[in-house]
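Produce the complete structure using the sequences and hints provided.
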Amino acid sequence: MASAKEVRRRIKSVVSTKQIIKAMELISVIKMQKAIAINAASRNYSEAAEAILWNLVTDINEADHPFLLPDNEATKQLVVIITSDRGLCGGLNSKAIRMVLDLSKDRDTDFLTIGRKGRDLLRVLGKNIIADFTKIEEKPEIKDILPISKIITDDFVSGKYKGIKLVYTHFVSTLAQEPTATKLLPLENKQKSLSQERIVFEPEKHALLDDLIPRLMEIKIWQSMLESIASEHSARMMAMKNASENAVELIDDLTLAYNQTRQATITREIAEISAGKMTLEG
Amino acid sequence: MKKFKIQVTTPERVIFEEEVEEVTLPTKDGEITVLAGHVPLIGEIIPGEMIVKNGEEKRITLLLGGFVHVEEGGKVIVIADSAEHLHEISEKEAIEARKRAEKLMQESIDDAEGFAEAEAELIRSLARLKIVRKHRSEYKN
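Going line by line, the protein sequences match chains C and F. Position 178 (the first sequence) corresponds to 178 in the numbering used here; numbering is contiguous. Position 125 (the second sequence) corresponds to 1125 in the numbering used here; numbering is contiguous.
Read the hints as simulated data drawn from the structure, not as lab findings. Check the hints yourself; a few may be wrong.
Stated by the list, open to error - Simulated pairs of lysine-lysine, BS3-like, Cα-Cα distance not exceeding 30 Å:
{"id": "1", "chain 1": "C", "residue 1": "Lys220", "chain 2": "C", "residue 2": "Lys162"}
{"id": "2", "chain 1": "F", "residue 1": "Lys1005", "chain 2": "F", "residue 2": "Lys1134"}
{"id": "3", "chain 1": "F", "residue 1": "Lys1005", "chain 2": "F", "residue 2": "Lys1028"}
{"id": "4", "chain 1": "F", "residue 1": "Lys1005", "chain 2": "C", "residue 2": "Lys220"}
{"id": "5", "chain 1": "C", "residue 1": "Lys150", "chain 2": "F", "residue 2": "Lys1103"}
{"id": "6", "chain 1": "C", "residue 1": "Lys135", "chain 2": "C", "residue 2": "Lys34"}
{"id": "7", "chain 1": "C", "residue 1": "Lys143", "chain 2": "F", "residue 2": "Lys1092"}
{"id": "8", "chain 1": "C", "residue 1": "Lys143", "chain 2": "F", "residue 2": "Lys1103"}
{"id": "9", "chain 1": "F", "residue 1": "Lys1130", "chain 2": "C", "residue 2": "Lys143"}
{"id": "10", "chain 1": "F", "residue 1": "Lys1075", "chain 2": "C", "residue 2": "Lys143"}
{"id": "11", "chain 1": "C", "residue 1": "Lys183", "chain 2": "C", "residue 2": "Lys139"}
{"id": "12", "chain 1": "C", "residue 1": "Lys135", "chain 2": "C", "residue 2": "Lys165"}
As the list claims (entries may be wrong) - Output of the computed footprint for chain F on chain C, the stretches with three or more beta carbons under 8 Å from beta carbons of chain F:
{"id": "13", "stretch": "37-48"}
{"id": "14", "stretch": "51-59"}
{"id": "15", "stretch": "245-256"}
Stated by the list, open to error - Over the 10 Å line for every Cβ pair with chain C, so calculated as not near, a few chain F residues:
{"id": "16", "residue": "Glu1019"}
{"id": "17", "residue": "Lys1028"}
{"id": "18", "residue": "Glu1091"}
All figures in this text were calculated on a predicted structure; none of them were measured in a lab. For glycine and all other residues, C-beta sits at the position ideal for the given N, C-alpha and C.
Set out below in structure tokens:
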């Protein structure tokens, strides 16, 4: 059995670790609340943008714009992955990365990483990363996404990739975050029945799509980043909460062990004293 | 007159959501006016004023670029890069913003990307100023 002194030292160390964990948990709570509020406010906008996209693809076909036309010569795909810059957030990043690895299995794939964790891991695995963006801010703005969407749209139109996918972590609730994969390009034509009224485009179709599609890509990536950020802080808060509970349990166990050791020492000392006394009296 | 639903949303908030009789929007090809039962339309919005009418009542909102979507049922959705109600815009701030944008354009004359951004900012501040000046009398009330 460890000596009482040693147990006491361990208790002290666990208590101070617990204080740090608690502080991290409180910070995560605040950051999470902010991220959730931003995410909730932007969802309406992103959903409206998504609705435009859905309606759009019912009324255009491959000849209308290169964004709809997959280059059949190209075999490569590009996967965009959003992870967090920092760790200590449970299995959040590893789940997203596992999904990315599944998507790229047996396929010639390039990667574009947003967030440090994804970049570091894919680099260790020897994957080909064409661009990486780190230092994600708490509240990214759409204009921060411009360089990312430019790479994506340019490379697609130039025929470098057959398709482009996006993997991020969807924020369901504080307790649940889902790694999610969506297709960015090419846009798929989901032609409905022909009886549908034709959509009027202003300016004319090609010019409008030139501006509209990159914008919708930006909004989609931007919203995915907000989802991932809200997920990150929620996951970290839960991880810290669990760690904090574990620390309390550990302290209880150690305190019990300490008391037992102390009691054993006292009992032994009393036994020795009384034994000594008996010898003297004997 | 028959009414239809319109929603104006920006990345930060839903700025406008109401049943209206008529709305006029600034698009790339000129102004369009939408009434109830309009055909489906997708259009690009340039910085300018959105005028919403309900009977005699007329309200103005500044849109700083974006897209408009008239859905099949006649609901109108505007996704604006940014939007401000007339009463939220101050002339003083608009003038200062224009000065800043002009200065920025001068400074970034060799840098294509920075120049484009400064130019967009200038167009936005000019749109802001134009609206404030045009409706100054209403604005003071």
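Here is what the structure says about each hint:
no., hint, result
1, Lys220/C / Lys162/C, "holds (19 Å)"
2, Lys1005/F / Lys1134/F, "holds (27 Å)"
3, Lys1005/F / Lys1028/F, "holds (23 Å)"
4, Lys1005/F / Lys220/C, "holds (25 Å)"
5, Lys150/C / Lys1103/F, "holds (27 Å)"
6, Lys135/C / Lys34/C, "holds (18 Å)"
7, Lys143/C / Lys1092/F, "holds (26 Å)"
8, Lys143/C / Lys1103/F, "holds (21 Å)"
9, Lys1130/F / Lys143/C, "holds (25 Å)"
10, Lys1075/F / Lys143/C, "holds (28 Å)"
11, Lys183/C / Lys139/C, "holds (24 Å)"
12, Lys135/C / Lys165/C, "holds (22 Å)"
13, 37-48, "holds (count 5)"
14, 51-59, "holds (count 4)"
15, 245-256, "violated (count 0)"
16, Glu1019, "holds (18 Å)"
17, Lys1028, "violated (5 Å)"
18, Glu1091, "holds (26 Å)"
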